[in-house]
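Just so you know, the protein sequences line up as chains A and B, in that order. For the record, in the first sequence the residue sitting at position 41 is 41 according to the numbering used here, with numbers rising by one throughout. For the record, in the second sequence the residue sitting at position 83 is 83 according to the numbering used here, with numbers rising by one throughout.
Simulated from the structure, these hints should not be mistaken for laboratory data. Note that the Cβ used here is the ideal one computed from N, Cα and C, for glycine as well. It cannot be assumed that every hint is accurate.
[To be verified] Calculated cross-link-like contacts (lysine-lysine; reagent style BS3-like; alpha-carbon spacing at most 27 Å):
hint: 1; chain 1: B; residue 1: K128; chain 2: B; residue 2: K54
hint: 2; chain 1: B; residue 1: K46; chain 2: A; residue 2: K15
hint: 3; chain 1: A; residue 1: K15; chain 2: B; residue 2: K18
hint: 4; chain 1: B; residue 1: K18; chain 2: B; residue 2: K59
hint: 5; chain 1: B; residue 1: K5; chain 2: A; residue 2: K3
hint: 6; chain 1: A; residue 1: K6; chain 2: B; residue 2: K128
hint: 7; chain 1: B; residue 1: K128; chain 2: A; residue 2: K97
hint: 8; chain 1: A; residue 1: K3; chain 2: B; residue 2: K128
hint: 9; chain 1: B; residue 1: K84; chain 2: B; residue 2: K59
hint: 10; chain 1: B; residue 1: K5; chain 2: B; residue 2: K54
hint: 11; chain 1: B; residue 1: K46; chain 2: B; residue 2: K18
hint: 12; chain 1: B; residue 1: K128; chain 2: A; residue 2: K96
hint: 13; chain 1: B; residue 1: K63; chain 2: B; residue 2: K42
hint: 14; chain 1: A; residue 1: K15; chain 2: A; residue 2: K96
hint: 15; chain 1: B; residue 1: K5; chain 2: A; residue 2: K64
hint: 16; chain 1: A; residue 1: K3; chain 2: A; residue 2: K64
hint: 17; chain 1: B; residue 1: K84; chain 2: B; residue 2: K18
hint: 18; chain 1: B; residue 1: K59; chain 2: B; residue 2: K88
hint: 19; chain 1: B; residue 1: K128; chain 2: B; residue 2: K18
[Said to hold, decoys possible] Beyond 10 Å from chain B on every Cβ pair, some chain A residues (computed):
hint: 20; residue: N10
hint: 21; residue: Q40
hint: 22; residue: L46
hint: 23; residue: T57
hint: 24; residue: I58
hint: 25; residue: Q90
[Stated by the list, open to error] To give an idea of the chain A side of the interface with chain B (calculated C-beta under 8 Å), a few residues:
hint: 26; residue: N24
hint: 27; residue: T27
hint: 28; residue: N69
hint: 29; residue: H74
hint: 30; residue: E75
hint: 31; residue: W80
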Amino acid sequence: MDKVFKALANPTRRKLLDSLRARNGETLGALCTDLDMTRQAVTQHLRCLEEASLVATIWRGREKLHYLNPVPLHEIYNRWIEKYERQQLQALSDLKKIAEGD
Amino acid sequence: MDKPKFVYVVYVATTQEKLWNALIDARVTTQYWQHENVSDWKPGSKWEHRESNKERTLKLVGKVIESSPPRRLVVTWADPSDEKREEKHSRVTFELEPVRGVIRLTVTHDLLEPGSDMLEGITAGWPKVLSSLKSMLETGRPLPTLW
Chain A
1 MDKVFKALAN PTRRKLLDSL RARNGETLGA LCTDLDMTRQ AVTQHLRCLE EASLVATIWR
61 GREKLHYLNP VPLHEIYNRW IEKYERQQLQ ALSDLKKIAE GD
Chain B
1 MDKPKFVYVV YVATTQEKLW NALIDARVTT QYWQHENVSD WKPGSKWEHR ESNKERTLKL
61 VGKVIESSPP RRLVVTWADP SDEKREEKHS RVTFELEPVR GVIRLTVTHD LLEPGSDMLE
121 GITAGWPKVL SSLKSMLETG RPLPTLW
């Protein structure tokens with residue numbers, strides 16, 4: 001669980017997860033186009049995400065494809081949020097979105 | 001070859017055999033999935049996914065494509081109303097691999113129709129099912145209520 005929090009404690013890595021949520025199964029090259037940094041730096045961020053199991057990878061020929069893996073996040077969610085709280089929390093989050101005009 | 005749509009990975013402190021059994025034994029799936037996976041798990045056989053309620057509501061159907069215990073299981077996956085329309089079936093591959101003393105379970109779900117209810121359902125469903133499976137095998141306690 002430490003690895004998950006460490007991986008999430010970085011804006012670039014959160015942005016990479018956002019990119020994968022929008023377009024799952026991307027190559028390193030495609031992920032680099034969204035970010036203003038070297039390929040090497042992006043590789044390191046992806047490795048950190050992979051070690052935390054937030055990103056799953058598979059090979060298709062010579063291409064490595066990256067997938068968002070939300071399973072560790074679900075484990076965290078389950079650890080601290082009780083079943084009966086979920087509906088209230090969803091309602092609060094909806095209210096915040098409406099109030100902030102998001 | 002198309003890109004797979006979703007790849008989920010979970011590391012479980014258990015054995016390949018226990019994890020394999022947790023995928024195919026209806027008495028075990030009912031504990032962490034609250035649904036039963038029913039089949040003889042031979043290639044070509046039908047498999048059914050039923051709710052563990054009194055009505056045993058049929059939720060999903062499909063065929064076993066490959067079964068190589070305790071490493072790899074491939075099934076097709078469809079809404080019961082699409083059983084005859086095979087072009088609408090998606091595909092799920094389970095791969096069980098020992099990694100540094102634990103088992104890495106990779107679930108790949110592909111051939112999904114963009115924008116379908118099935119796609120929405122599985123993206124909400126797999127993280128719950130897999131974290132409940134992990135919890136049950138490691139602590140003996142699955143997640144309380146999934147659905």
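We went through each hint and held it up to the structure:
no. : hint            : verdict
1   : B:K128 to B:K54 : holds, 23 Å
2   : B:K46 to A:K15  : violated, 42 Å
3   : A:K15 to B:K18  : violated, 37 Å
4   : B:K18 to B:K59  : holds, 25 Å
5   : B:K5 to A:K3    : holds, 25 Å
6   : A:K6 to B:K128  : holds, 23 Å
7   : B:K128 to A:K97 : holds, 25 Å
8   : A:K3 to B:K128  : holds, 20 Å
9   : B:K84 to B:K59  : holds, 15 Å
10  : B:K5 to B:K54   : violated, 34 Å
11  : B:K46 to B:K18  : holds, 23 Å
12  : B:K128 to A:K96 : holds, 25 Å
13  : B:K63 to B:K42  : holds, 9 Å
14  : A:K15 to A:K96  : holds, 22 Å
15  : B:K5 to A:K64   : holds, 14 Å
16  : A:K3 to A:K64   : holds, 22 Å
17  : B:K84 to B:K18  : violated, 33 Å
18  : B:K59 to B:K88  : holds, 15 Å
19  : B:K128 to B:K18 : holds, 19 Å
20  : N10             : holds, 21 Å
21  : Q40             : holds, 24 Å
22  : L46             : holds, 14 Å
23  : T57             : violated, 8 Å
24  : I58             : violated, 6 Å
25  : Q90             : holds, 13 Å
26  : N24             : holds, 7 Å
27  : T27             : violated, 10 Å
28  : N69             : holds, 5 Å
29  : H74             : holds, 4 Å
30  : E75             : holds, 5 Å
31  : W80             : violated, 13 Å
In summary, the structure is inconsistent with hints 2, 3, 10, 17, 23, 24, 27 and 31 from the numbered list given earlier, while agreeing with the others.
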